[in-house]
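Engineer: As given, the protein sequences belong to chains A and B, one line each in that order. FYI, the numbering for the first sequence is 0 to 283, going by this note's numbering. FYI, the numbering for the second sequence is 0 to 283, going by this note's numbering.
It should be emphasised that the hints constitute simulated quantities derived from the structure, not laboratory data. Treat the hints loosely; a few may be bogus.
Since the list gives no way to pick out one identical chain from another, each pair is judged satisfied if it fits inside one copy or across any two copies.
To be verified - Straight-line Cα separation of at most 20 Å, EDC-like style, residue types lysine to aspartate or glutamate; simulated pairs:
{"id": "1", "residue 1": "Lys223", "residue 2": "Asp75"}
{"id": "2", "residue 1": "Lys74", "residue 2": "Asp211"}
{"id": "3", "residue 1": "Lys149", "residue 2": "Glu205"}
{"id": "4", "residue 1": "Lys23", "residue 2": "Glu168"}
{"id": "5", "residue 1": "Lys204", "residue 2": "Glu61"}
Computed from a predicted model, the values in this text were never measured in an experiment.
Number of protein chains: 2
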Amino acid sequence: MLYLIGLGLADETDITVKGLEIVKRAERVYLEAYTSILLVDKEKLESFYGRDVIIADRETVETGSDDILQDAQEKDIAFLVVGDPFGATTHTDLVLRARELSIPIQSIPNASILSAIGSTGLQLYNFGQTVSMVFFTDNWRPSSFYDRIKENVSIGLHTLVLVDIKVKEQSYEDMARGRKVYQPPRYMTVAQCASQMLEIEDERKEQVYAPDSLAVGAARVGSKEQRLACGTLQELSQADLGPPLHSLVLLGKRAHDLERDYIRAFAIDEKTFDASWTKYYQGP
Amino acid sequence: MLYLIGLGLADETDITVKGLEIVKRAERVYLEAYTSILLVDKEKLESFYGRDVIIADRETVETGSDDILQDAQEKDIAFLVVGDPFGATTHTDLVLRARELSIPIQSIPNASILSAIGSTGLQLYNFGQTVSMVFFTDNWRPSSFYDRIKENVSIGLHTLVLVDIKVKEQSYEDMARGRKVYQPPRYMTVAQCASQMLEIEDERKEQVYAPDSLAVGAARVGSKEQRLACGTLQELSQADLGPPLHSLVLLGKRAHDLERDYIRAFAIDEKTFDASWTKYYQGP
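Build out the structure end to end from the sequences listed, making use of the hints.
Structural biologist: What follows is the structure, given as structure tokens:
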């Protein structure tokens, strides 16, 4: 059996009781470690589980899935995923390959940022499609997120923006020379995300949002160190929410007064918050 | 401290290790039991936790929140919610009241149907806003869900339809006479949901979807007894997916070939599936 087990969002104790039981008795335990991270390291997990954990990087999962699935017809293999196994990213390929090999599959769900973002006080019913923001480079500034946000904005919905993480990435030079040397990990911040959003609005000028549009920055959601900051995109582009992981929600115009009451408590500046609320979000 | 603790979706072992530790040491433990249910009963939870659990029905939460919050400034109160505490429904009111009383709050996230629905193989990035479907009566057939689905359809997105549950409801007669007598619980099925959707399309005729539009019916998501059925709305309106809880996803036109490969394995009838796929979902 292939078990896809969600680890939740923050630390080693966010695994479910059911998930932990399977981890303890599985033949092998893999940790998917390239689409998201917990706020604790592999060693912490290993000591909590009382056993070894094998790191599965992108290469292993995408080209070496048969190694992961070896003997899974008879034995239990645990594949650990931060968040929910089918959350912000999916492991459809691995499951399809397991199906081909007639390996039974079970997934153990857990918290995902897609639902835990509800702890901002914004109603999950009011969210449109989720978008991703990658690190811009000098010559790669993909703006497809802008078109998606535009669709959400056109029907008044909030947009959750998930931000890039770079783990075990090679520099172009090292890649070109075939050197397996990796860059230190990088995690996008709310400030970088807000800046890139404003940069693209400035370029495309379709008035999807503005520097004084309201958004909520969220850091370390689901942990004791969770921090929320609500403000204009301009304010958030200068806010420091501390260590990763971050995400951002752009407010939709359908925002409700109850949502306002909730998020105003995290306002960077209540005056600018109230001004923007009145300008854009106060319904007819 | 007020702890809002998600229980996940299926049984008593879906609580997180962190959540269970708090339940074991809290002063009082409440179970919110009117917006969703686990697939196990209160007694099972109590024996797993080794302690009593107080059922909090709608009345208690909406009008008696100060009883729940009593002494929470000094003592730990656990408020258990099926799914994620801020998932399909929110307990914003309770949190706002706790804030007024200067009670610190922490939420322990868990799986929600909003992310666990990813186990259908449909990409969560391709979902628009979530809608709710209530039981129609002879003179109450609210169709606001139809307008919301129309918005999602217009931009090619999937729609998750959460279906009604009726727990501890009074009949109109008993309510009028002030008799606290409650009806047996009722849980909407995928078949009822698909039928009501077709009924409203038939009435409004805005061609938001059709009898041969594709959808995925999901039952008992996150449990070992999870069952998925993919088919036309017409087929699903006659499908029997067994015991609750059910939900349904209407496919958006932006559906990807990888999603098709995944869900075709659950097709009620591969022939009608392929025909509808070709008709509506095969991109240019």
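Engineer: Hint by hint, work out which the structure violates, then give me just those numbers in ascending order.
Structural biologist: Those not satisfied are hints 2, 4 and 5.
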